[in-house]
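*Asks:* Each chain, letter by letter, is given below.
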Amino acid sequence: MKGDFIQNLGKIYGLYTGGFLLFIILMAILEQAGVSPDTIGYLFVGFTIGIYALIGVLSRTMATDQYYVAGRQVPALYNGMATAADWMSGASFVAMAGGIYFGGYGYMAFLVGWTGGYVLVASLMAPYLRKFGCYTVPDFIGTRYGGNFARLCAVIVLVVASFTYVTAQINATGTVAARALQIPFGVGVWFGLAGILVCSMLGGMRAVTWTQVAQYIVLIIAYVVPVVWMSNKSGFGLIPQLSYGDAVQRVQELEALHQVGVLKPTETFAGLSALVNPINAPGETFMDKWKFATLVLCMMCGTASLPHVLMRYFTTPSVRAARISVGWSILFIFFLYFTAPALATFTKLSLLDPNLATGIIGKSITEVNALEWIQKWAAVDFLQVSDSNGDGILQINELFMRSGIVVLATPEIAGLPYVISGLVAAGGMAAAMSTADGLLLAIANALSHDLYYKIIDPQAETKTRLIVARILLLGVGAAGAFVASLKLTSILGAVAWAFDFACSGLFFPLVLGIWWKRANRQGAIAGMIGGFVSGSAYLYYVHFAGGEPWMGIDHLRFGIIGMPVSLIAMIVVSLMTEEPDEETQAMVDAVRTPRGGTVLASNH
Amino acid sequence: MATADSNHEAHWQRTKGLTITVLVIWFIFAFVVHWFAPQLNEFSILGFPLGFYMAGQGSLFAFVVIIFWFARAQNRIDEEFGVAEDADDDE
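Protein chains in written order, with this note's numbering: chain A, 1 to 604; chain B, 1 to 91.
By construction, these hints were calculated from the structure, which means they are not laboratory data. Treat each hint with caution, since some may be false.
Derived DSBU-like pairs (lysine-lysine); straight-line CA-CA distance at most 35 Å [stated by the list, open to error]: (1) Lys-487(A) - Lys-376(A); (2) Lys-289(A) - Lys-16(B); (3) Lys-16(B) - Lys-517(A); (4) Lys-11(A) - Lys-289(A); (5) Lys-11(A) - Lys-463(A); (6) Lys-233(A) - Lys-264(A).
Quick look at which bits of chain B chain A covers, simulated, 3 or more residues with Cβ under 8 Å [to be verified]: (7) 36-48; (8) 51-58; (9) 73-79.
Chain A regions said to be covered by chain B (calculated; three or more residues, Cβ under 8 Å) [claimed, not checked]: (10) 285-297; (11) 320-330; (12) 333-344; (13) 363-373; (14) 438-452.
Being a predicted model, the structure only gives us computed values, none of them experimental. Cβ coordinates follow ideal geometry from the N, Cα and C atoms, glycine included.
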């Protein structure tokens, strides 16, 4: 049956996609028939989670290579889709377009960084790690450098980086679940966790892979359909990504007209911001350019060292498939990322253009407050209209919004039917769940395989190992949901930190492990500890202790401190100590040659 | 054994060469282009100001192309040196 499944993937996911489109049409018909928006939101979220759960249960397994690396038989294209879902988080889905709306050009450093990182993954990492045959990222560190202490350091960096990230994802599932199902956020978080665990508990990587493919299909449809609809409605055609250039130029004129960036807000509302950054104003000074470049660099190197991304490439059938799979991944990610700035631009255009019915800037406050979508989103604290200067007219610095609103409220701002809002909710849920699944699995696998099996009890039987893996998954998930329910950080701050932690601690030990034979255990340990500790200390200094950022390196960019420390520590300490033995050097040679078996046995 | 070693060494030299080429192109689209965004905005492409276009779409597309090109080029190198995996490994 399993061979059949892999051979019929095209048919199965084709049917699934058709079924999902039919479901959307059915919901549209129900809406016309007078079914309430609440019920439609319920059905969207419930139906999609039900499907993921079904896939999760059908993919259950008790074999270690299935549980850890999906049996290494995921075709390149499908692994690309799964990686794209694994990668695009609730933050990408919900906050990206809003970030561009508010942050303008400077925010697009995230777009460049989160795609360009895959060039590093393809050329420096993925094919070699696939050849190595490891189950987890610390598995590579532990075997290449030898010794439990190196392995343990890698586990610690992995856990810190991924855990920071996963709480943000569970937070996002909680937010979407709370809104769609009308339950309190605290309950929504646990509900979201239950959905995530159903997908991953029974089948590990195998189940997560096949649910992520399903989740990619839902999230990309949910992201692109409203934008295409909105674009077509406002005369920009069916491929808005290629035709919004005129809209950008028009927005630039409107921003000058409404004095964006000149009028600063005079009031503050928690979690909300007014628009002050023009859409296309790249800074002219060295500092502006430096800040753009450093953010790009941190996000790229973080991408190439985040274990939940790297471990996806352990599942392909060959080294060759791993390489091409990185290409598919970035293509599928590109579909969403090149749509996000289009969405941000259209939203700006609709709100700012006085010639459009949707334009609200420059209208009277009473008129704006009477709009249905304004009232609805103000009621849930996503938006605030405040006549700061008391002239009765809404100026650009008097409209305060939460960044997620750009994606979530687009259908309503543009006057699309409610079925589209339901679709967007299902998409946001899919994005957050798929990333959370990948992250939880990365953490739990590192703890069960590297900490428990390799360090604590190397004699453990397969059955025990897989039971321990599941108990840890449950425990880590519960810890994540608990932290998420405390609402400690905003979604984006935490997401960028995960990348900085990962690149500070893991980037050079991974790269040099493949590309520099002379790198040895002492060097790798120095690199991991030095990078991770210096990066974290700088984060503490600049974000918590109120320190002045040095060279514009703020808390989003602390990898710029961690990475060079890691590189220098690793090179200096490696050169000061003995070179690795013959066996290790032969191992590096084997990793560099695609032909031949993996370095580690398939059931290690 | 000596020939196997020299073949391995030659394969690795070519692989390194390709990787360096990829990283140079990557560096241009990741950093150089955006450094000059204000100047690029003087030009326009498909109706977009060029500086905006590169950050919002152009560089992203370039990365997609680089990776697919790299995968093909590396496969050719592997085949040339006889170190590619067998065709049925992909299934």
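*Asks:* So, for every hint listed, does it hold in this structure?
*Replies:* Hint check:
1. Lys-487(A) - Lys-376(A): 23 Å, holds
2. Lys-289(A) - Lys-16(B): 30 Å, holds
3. Lys-16(B) - Lys-517(A): 14 Å, holds
4. Lys-11(A) - Lys-289(A): 48 Å, violated
5. Lys-11(A) - Lys-463(A): Judged against 35 Å, a Cα distance of about 34 Å means the pair holds.
6. Lys-233(A) - Lys-264(A): 32 Å, holds
7. 36-48: holds (count 8)
8. 51-58: As far as the stretch 51-58 of chain B goes, the hint holds, because 6 residues have Cβ atoms under 8 Å from chain A.
9. 73-79: holds (count 3)
10. 285-297: This one holds; 5 residues, not fewer than the three required, reach chain B with a Cβ under 8 Å.
11. 320-330: holds (count 7)
12. 333-344: Holds, because 4 residues of the stretch 333-344 of chain A bring their Cβ atoms closer than 8 Å to Cβ atoms of chain B.
13. 363-373: violated (count 0)
14. 438-452: Our answer is that it is violated, as 0 residues pass the Cβ test (under 8 Å) against chain B, missing three.
Violated hints, in rising order: 4, 13 and 14; the structure is consistent with all others.
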